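Colleague: Each chain, letter by letter, is given below.
Protein chains: 2
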Amino acid sequence: MKVTIRKSERLDIPQIYNMVKQLATYEKEPEAVTATLADYYNDWDAGIFQVLVAEKDNLVVGIAIYYMTYSTWKGKMLYLEDFVVDAIHRQSGIGQLLFDAFLSEAKRLGAKLVKWQVLDWNEPAIRFYEKNAATLENQWMNGKIFFS
Amino acid sequence: MKVTIRKSERLDIPQIYNMVKQLATYEKEPEAVTATLADYYNDWDAGIFQVLVAEKDNLVVGIAIYYMTYSTWKGKMLYLEDFVVDAIHRQSGIGQLLFDAFLSEAKRLGAKLVKWQVLDWNEPAIRFYEKNAATLENQWMNGKIFFS
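So the sequence lines, in the order shown, correspond to chains A and B. Convert by adding 15 to the 1-based position in the first sequence; the result is the number in the numbering used here. Convert by adding 15 to the 1-based position in the second sequence; the result is the number in the numbering used here.
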């Protein structure tokens, strides 16, 4: 299996968007995705998020969407917003390749740490992060206000 | 009481840094703040974070530290990383003024939502966010990997 991990190019954006939509459908919330493909083009162009993609046979089979944030206690913190491997390519090591590339990118950018979130019932994901010696915290609540 | 809410200037950075340090001391973790004042200058200059400050009698008495992030489902999302009002100025409405200014800034920047985190035992803060009609979610864990 030849898999390449690389930074996204503009022509990857439709595939990236489709992977996000597929995941939302799998999670039974397809209507929750209100960002459009045009938003993805605009916001990627503006540098609001970056993506590492896993490519196999000229197809995107995994994505790690991230951006730089700030920990007021530690300093620069690279945040992993979305991390998806195509269902038929799971358990193949592609997730670890992507995660390792994300960690390398964080170090290259001078981040002091990386952060992400995981649902507390997502045991395969939690095991993956534990295997990667992550610190997992469960005392925080997310607050959100949506504008409409 | 004359309080001004405004965007931070470079000369506010020492006071902003001190407010973060004071909060960490109050939370009994002063040694956890390893970011230096020099980091704050560099990272503010680089635009990695922005700050709204509440000023009274030429002193900074409250801060809201934020940056743009991305919701893959909704689009642009302004993230409130730190939100502090000086202990002697609490219950005076300054927090609401700062929070309102943060929401206005988010709308001005075209964000589709705002997000932040709150400790699940911090009842006064949770009441404040409920009063602001926020959605609070408790099913997410934070994952972190620190580089040293």
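FYI, nobody ran anything at the bench for these hints, they're computed from the structure. Don't take each hint at face value.
It does not matter which identical chain is meant; a pair holds if it fits inside one copy or across any two.
What the hints assert, rightly or not - Below, in silico cross-link-like pairs of lysine-lysine (DSSO-like), each with a Cα-Cα straight-line distance of 27 angstroms or less:
1. Lys22 / Lys43
2. Lys159 / Lys146
3. Lys17 / Lys146
4. Lys17 / Lys127
5. Lys146 / Lys71
6. Lys17 / Lys71
7. Lys43 / Lys17
8. Lys36 / Lys127
9. Lys71 / Lys127
10. Lys146 / Lys89
11. Lys89 / Lys17
12. Lys159 / Lys17
Just so it is clear, the structure is predicted and the values come from calculations on it, not from any experiment.
Colleague: Give me the numbers of the hints this structure contradicts, sorted from smallest to largest.
Modeller: The structure conflicts with hints 1, 4, 7, 9, 11, 12, although it agrees with all the remaining ones.
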